[in-house]
Amino acid sequence: MKKLLIIGLLFLLSMLLYAQEISTEVIEHSAENSKCFSCHGSSTYSYYNEVLERYVTKRMNPYFIIDSMVYYDQNHRSFDCIDCHSYDFRTFPHDNTLRMEPMPSCLDCHEGDDATADFNFEIINDEFHESVHSTKHSEDFTCWMCHNPHSYKIVARNSENIKETIVYDNNICLSCHADINKYQLISLNEKPNIIDKHDWLPNQFQHFAHVRCIECHTHTSDNTLVAHHIQEKEKAVKKCVECHSSSSTLLASLYKFQAQENRRKYGFFNAAILSEAYMIGANRNLYLNILSFIIFGGVILTIIVHIILRIVLK
Amino acid sequence: MYIYPVWVRIWHLVNALLIIALVVTGLSLQYSGSDFILMPFKSSVTIHNTSGLLLCASFIYYLLANHFTSNGQYYHFKSKGMIGRALKQARYYSYGVFKKEEPPFPVKVGRKFNPLQKLSYLFVMYLLMPAVIITGIAMLFPDLLPDRIFGILGIHFIDLIHIITGFCLSVFLVVHIYICTLGNTPSSNFKSMINGWH
Ligand code: HEM
Chain A
1 MKKLLIIGLL FLLSMLLYAQ EISTEVIEHS AENSKCFSCH GSSTYSYYNE
51 VLERYVTKRM NPYFIIDSMV YYDQNHRSFD CIDCHSYDFR TFPHDNTLRM
101 EPMPSCLDCH EGDDATADFN FEIINDEFHE SVHSTKHSED FTCWMCHNPH
151 SYKIVARNSE NIKETIVYDN NICLSCHADI NKYQLISLNE KPNIIDKHDW
201 LPNQFQHFAH VRCIECHTHT SDNTLVAHHI QEKEKAVKKC VECHSSSSTL
251 LASLYKFQAQ ENRRKYGFFN AAILSEAYMI GANRNLYLNI LSFIIFGGVI
301 LTIIVHIILR IVLK
Chain B
315 MYIYPVWVRI WHLVNALLII ALVVTGLSLQ YSGSDFILMP FKSSVTIHNT
365 SGLLLCASFI YYLLANHFTS NGQYYHFKSK GMIGRALKQA RYYSYGVFKK
415 EEPPFPVKVG RKFNPLQKLS YLFVMYLLMP AVIITGIAML FPDLLPDRIF
465 GILGIHFIDL IHIITGFCLS VFLVVHIYIC TLGNTPSSNF KSMINGWH
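As given, the protein sequences belong to chains A and B, one line each in that order. Just so you know, we're using this note's numbering here: the first sequence kicks off at 1 and counts up by one. Just so you know, we're using this note's numbering here: the second sequence kicks off at 315 and counts up by one.
In isolation and in its complexed conformation, chain A is listed as follows (with noise of 0.2 Å):
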């Protein structure tokens, strides 16, 4: 009994001391950075304009605009503006050199890094650079381009939620293959139209929520939970049995995590797609399969015997 007791307050206090552990969770909004979202946090901004001697407001530009809510809640949440920008931006006007300021790279915080280790930045780095993206530009085209610095939060990692992750990629890529403005900071050609150079694929909408633009585009590696090697268009997946057969290649990427659990629970060949999408040629059932070749089997024997029956006794 006193045992019991004494596990039970052991057990209480370890309670006690995971949810203080959560609550110092909760990050801290610096001061610093309430500065920089009085101005940058809302689409006009006011300042003291020494010439004319009094307050005036103007209108931000919408691309200089950061959302506190999604910057509290993404990755690097825990750092002020001026640990990746110039202490100097906390004087306005801001300097005009400042612009010109070189940004880190993830690689530059992130190499060597233990805590992120399981990331594997050094092998996403190689796969990114050869990329199409980085091959067929120049050095513009760097990881912040579809890691937004300001919004991006793992996803695929952490969400239970499979078609959330297929919107939150696919949306990093329609970022600028659905959006003019951002592609022509990287190239000045015609952007192919999205829609109509996957005309090939049926349902297409249906795939798009569906399956990620990566599945497609990307050479998968054992290392990385999200392949980065974007491939040559000429080499992306266009066979439809690639995802459309029991060893589809969704197993290896989408459904990387999910994929070992719960086959052997329903006997389905492919357990973890089905319990979030149906495909087509995925979807066998072990047993079912084995019960079928089994009756039909019996039938055509059934019928070679009454065959053979029918001749021998003519």
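Treat the hints with caution; some may be incorrect.
[Stated by the list, open to error] Partner residues are not named here, just some residues of chain B that face chain A (Cβ under 10 Å, in silico):
no., residue
1, Gln344
2, Ser346
3, Ile361
4, Tyr407
5, Lys413
Bear in mind the hints are in silico, worked out from the structure with no lab data behind them. Glycine included, C-beta positions come from ideal geometry on N, C-alpha and C.
Since chain A is already given, all that's left is putting chain B with the ligand on it; use the hints.
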């Protein structure tokens, strides 16, 4: 005796061709990606969907025609003694044929089907066909289906019914064709189905 009117023969031919197309493409969809490939995936999808819709039309035609012509009467049956009669026919197929016995229910005016035929046609035409057609059409509109049925993805549940009924139809197809060779001569029933005369 003239027992298969022209419309029955045309319907039956169309129906049989569509079903065969559906079975072949259905198998390619189900076993896509394995070594066993009857047809490329992409054309299978198109052929399967169009044949399915055509089958739906031909099935509705069959229902209406049976309703408005006298052919429908052959599908009515008295439940009393049905089992006994069916067993008698089954005994004939599994024993009597070899002994050169006379069929217990020969075709005559007002009786086109023997009891087993009647039962199996009823089962296939009024249960399996509607089930396979309704589930097939449902899968063309996946976004309208309920999210979960009995705890599994709605479309997947519908798909299971579709695949199971499709399988039963394939088994029927094989048995049906074989039983048709048990007429007066192995080919006589097929001739009847072409010229209408028994
Ligand atoms: C799954 C597809 C098929 C279905 C659902 C089906 C159904 C039927 C039905 C309902 C009848 C009776 C028609 C009437 O007189 O009202 C019939 C008769 C017949 N069918 Fe089929 N059929 C199929 C495929 C075939 C195929 C592929 C063949 C030949 C290769 C065939 C050969 C015959 C013959 C010879 C008869 C006349 C003998 C009899 O009335 O039993 N059937 N079929």
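Right, here's what the structure says about each hint:
no. : hint   : verdict
1   : Gln344 : holds, 7 Å
2   : Ser346 : holds, 4 Å
3   : Ile361 : violated, 13 Å
4   : Tyr407 : holds, 8 Å
5   : Lys413 : holds, 8 Å
In summary, the one numbered hint that this structure violates is 3.
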